[in-house]
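Residue numbers (the working numbering), protein chains in the order written: chain A, 1 to 886; chain B, 1001 to 1087.
No wet-lab data here; the hints were simulated from the structure.
Predicted model, so just to flag it, every value in this text is computed and none were measured.
Keep in mind that the hints are not guaranteed to be accurate.
Claimed, not checked - DSS-like, lysine-lysine: derived pairs with alpha carbons at most 25 angstroms apart: (1) A/200 - A/119; (2) A/855 - B/1003; (3) A/160 - A/139; (4) A/855 - B/1039; (5) B/1039 - A/94; (6) A/837 - B/1021; (7) A/60 - A/94; (8) A/855 - B/1064; (9) A/120 - B/1039; (10) B/1068 - A/855; (11) A/94 - A/24; (12) B/1068 - A/837; (13) A/837 - B/1003; (14) B/1034 - B/1003; (15) A/165 - A/179; (16) A/91 - A/160; (17) B/1068 - A/297; (18) A/539 - A/632; (19) A/837 - B/1064; (20) A/624 - A/488; (21) A/655 - A/855; (22) A/837 - B/1039; (23) A/539 - A/599.
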Amino acid sequence: MTGGISKRINRIQFALLSPEEIRKMSQVKVITADTYDDDGYPIERGLMDLHLGVIEPGLKCATCGGKVDECPGHFGHIELAMPVVHVGFIKEIKTFLDATCKSCGRIKLTDDEIASYRKKFDAMSLSSSDPEIIGLMSKKVTDEASQRMVCPHCGVQQVKVILDKPTTFREEGIKVTPKEIRERLERIPDDDLIFFGLNKEVARPEWMVLTVLLVPPINVRPSITLETGERSEDDLTHKLVDIIRISQRLRESRDNGSPQLIIEDLWDLLQFHVTTYFDNQTAGIPPARHRSGRALKTLVQRLKGKEGRFRSNLSGKRVNFSARTVISPEPFLSINEVGVPEKAARELTVPLTVNIFNLESVRNFVKNGPAPRDEFGKYLPGVNYIIRPDGRRIRVSAQNAEENSKRVEVGWVVERQLMEGDIVLFNRQPSLHRMSMMAHTVRILPGQTFRFNLAVCTPYNADFDGDEMNLHIVQKEEARAEARIIMKVQEQIMSPRFGGPIIGGIHDHITSLFLLTHENPLFTEEQMIHIMSYVNPEKTPVAVVKNGKRYYHGRDIFSAVLPDGLNLKFTSKLCASSKAKCEYESDPADKEVVIVNGKMIHGTIDETAIGPFSGIIIDKIFRKYGPAEAAKFIDRMTRLAVGFISQRGFSTGIKDYDIPENAVSRIKEISDEATVRINKLIETYREGMLQPAPGRSVEETLEIEILSVTGGARDESGKVASAYLGLTNPSVIMARSGARAKMLNISEVAGMVGQQSVRGGRLNRGYYGRTLPHFKVDDIGGKARGFVKSSYKSGLDPLEYFLHSIGGREGLVDTAVRTSRSGYMQRRLINAFEDLKVDETRSVQDTIGTVIQFKYGEDGVDPTRSERGETVDLDYLIFDAEQEVQ
Amino acid sequence: MGKFNVLQHDLVPEHHLVDAKEEQKILKELNVAKDLLPKISRNDPAVKALEEIHGPLENGRMIKIIRKSPTVGLSTYYRIVTGEVFK
């Protein structure tokens, strides 16, 4: 497709096909219900007639003489024995029957009304006015006409026509046959059509009742030959066979004067087949089925819905130069890289257009053949195809490589296999935001999976439990430039959602750097070198000398990955919230992170510093030094983290949740106390002494009170448990540093699981008046309503386990429901917003230029470049300036 | 119930009728043609309330709306009165 635009659409007109027009379009009148004869040759005047086009190689079209790829296919037609209604126009036919006189065919409006409405309609032109407005006006007029029960033109009393869905019309219970309907529609004068929104130049209402059926070309309904040699016809062909058969039988019965009853039955059957031929999901009639019981896919089904032509084939297309496989992590790759397996790299190609500058190097690629390696067996890019200027493709093989390399001249195109440094697009579905598709540079790796840096998991929302991702090779210079400049991972570090980094260290990265900087531990030179050997730093950490030996502080090791000149001050997550939580801090300097000129003075690195969404350090480096430096920092930071945590070792197990005997008994006391208080509350309630809270019923008050008791018990026991679990405990380290889990999860394991809930209330569903048959009816006590006293570590008893599963199920259902709902909502929003744009004046406009917003977001600020939605971060700017002055 | 003026409600942004002479100036400032501005139906309660003050408004009159905005505090928006019915 290189010719550019050959034709431009000037206008689109919707019209109805008249029977004459159908006959004119038709190349053959189909009269036989059969398709092929015994020799497998298409039967003349059958549904596979050679005039309708060719799908078999070797045959020639009887209409245009074209071969398989040349003949576009041609229409045929079927003469129906009796007219039938077209389902697609049922509503329109009903309006026509309602609004016009049954005897004279005029619209039931007085001459004065007609004259005044005509003026209004004449003021608009049918082809250029908004169809919605025309529709509204014509609805008003036809509604008015339908109300009238006596024709103002001929004075005939009107009868109400009732639509018996889907395709039968009745007048006072008596069926109006399609033939009668057609006759009535024929009587409507051309001049009245304008009131129905119909253009008299191109449409007549009686054409909505079919007398001739258009048969689509064979290309639309190709038959397939199975391996057994058996022919299998398309669903449409099956349907057309049915229609011809019934039409023939109907014609015979009518001609030899069969009883009216039989004729009517056949007529109804013909109506059924024609209806299902158009839409096999028409409400009110059973769908036509295949012999196997599968519902047939007819015309409407081909277009409608997710698997229909529009959503599946036109909005979404499959592409070449792409690959898909399982993903796995590789911490030694940069965030900008992606590891591509050799096998994929040999299939994926980049087109090189040969010119005088690259002629030599391209010839060299071709000479290497399709699977070259260097002397160490390492992958080298080869060439699969070369394309001559006339478009012919030549396959390159090991045998003809030498010879082909000499044939390559300026102007040829050579399809070179993927090589290191090529730019590619990498994507994971669902693509919910623009960071779901980013550009990476290629690294060819052994193995079968795509690999990337762990920091990039967040924007793709990927994990490695079997996720697969897609890779697309960019084919044009312009696209490659765009990919490098705007789609590369480093350019996408800042999220347009909240104006902060969406890429950052996760899980072990955070744990590791927390351990490295918290309380600033000392390391021997040997340890330091081991850790730093993972990194490729520009600086080396500063040593402290003790007893004649050199030692290194954790914060100084971290400083080695920070860029010079960075000044930053913030509070770490460890103590960000309440002061009460800070009981672990032995070093008061731990909470305030202070970085001066790229050297970490004090503080603890945790989620707030380097995590995705929050990472302040990443944020400030990006703003001060740009994307490349930020990418470099993330690369080094993650490597340092991996280096340190593998040197130190980190693990957690059940033993980490051991708490002393007295703590266990204290937790038991707490839960017993809670049970007592719940029972007391219930007693007060039963006595009728419970005071309702303002605006609540007594029952609601009771539930709220009980929930606060159980919630209090869980928090209390959690506190008791965590008093024995300090920052030496790996789980606590993970929770406090923000690497994974929350303190709540730890207290569930060590302390108490607590109240289970469904929709914010205690469990109350299941049996009549109780959750399980183990409880008495109307027992509203703690245990009966899902209060779990045990901890995960001590184990839940069977009843608790079951009730816990009820609470757990709610979460699963919620996620399932939420994803489908928000998915649909997002689809609607995207479709509504897809072609809005922001222009140079920062105003938001649609394609016509209508202003939607005078300033984008009312302040004209790009959220990507904002400081978490704010225009500036003054505290940082002042601190930075202060330090730079010094 | 007495007559209620929507414009006095806390949640309804300020609506002002733009002086016909000033319209050109504003359009020039915004650099857009008048028919490309957002529209407001003459059935809109706010327009009806303005008509109480200024008398009937013909189609094409410009209305200035001052809204509270989370991003800039107060933002101005312009709309053109139209006879179209919005669904």
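*asked:* With the threshold set at 25 angstroms, check whether the alpha-carbon distance from residue 655 of chain A to residue 855 of chain A stays at or below it.
replied: Since the Cα atoms of residue 655 of chain A and residue 855 of chain A sit roughly 59 angstroms apart, the hinted pair is violated (cutoff 25 angstroms).
*Has the given pair, residue 94 of chain A with residue 24 of chain A, been kept, meaning a C-alpha gap of at most 25 angstroms?*
At roughly 29 angstroms apart (the allowed maximum being 25 angstroms), residue 24 of chain A and residue 94 of chain A break the hint.
*Given pair status - residue 94 of chain A, residue 1039 of chain B, alpha carbons within 25 angstroms*: violated, 36 angstroms
_Pairwise hint evaluation, residue 1021 of chain B against residue 837 of chain A, where the allowed Cα distance is 25 angstroms at most_ = violated, 31 angstroms
*Given the proposed pairing of residue 1068 of chain B with residue 297 of chain A, does the C-alpha separation stay at or below 25 angstroms?*
violated, 54 angstroms
*asked:* Please verify whether residue 855 of chain A and residue 1039 of chain B have alpha carbons no more than 25 angstroms apart.
replied: Answer holds: residue 855 of chain A to residue 1039 of chain B is near 17 angstroms, not above 25 angstroms.
*Holds or violated: are the alpha carbons of residue 165 of chain A and residue 179 of chain A at most 25 angstroms from each other?*
holds, 18 angstroms
*Between residue 837 of chain A and residue 1039 of chain B, does the CA-CA distance stay at or below 25 angstroms?*
holds, 19 angstroms
_Proposed proximity, residue 119 of chain A with residue 200 of chain A (alpha carbon, max 25 angstroms)_ = holds, 17 angstroms
*Going straight from one Cα to the other, do residue 837 of chain A and residue 1064 of chain B come out at no more than 25 angstroms?*
Roughly 23 angstroms separates the two Cα atoms, so the pair holds.
*Taking only the CA atoms, is the gap from residue 855 of chain A to residue 1003 of chain B under or equal to 25 angstroms?*
It is violated: about 36 angstroms lies between the C-alpha atoms, which goes past 25 angstroms.
*For the pair supplied as a hint, residue 1068 of chain B and residue 855 of chain A, is the alpha-carbon distance within the 25 angstroms limit?*
Distance ~14 angstroms between residue 1068 of chain B and residue 855 of chain A Cα, so the pair holds.
Hint violations for this structure: numbers 2, 5, 6, 7, 11, 13, 14, 17 and 21, all remaining hints satisfied.
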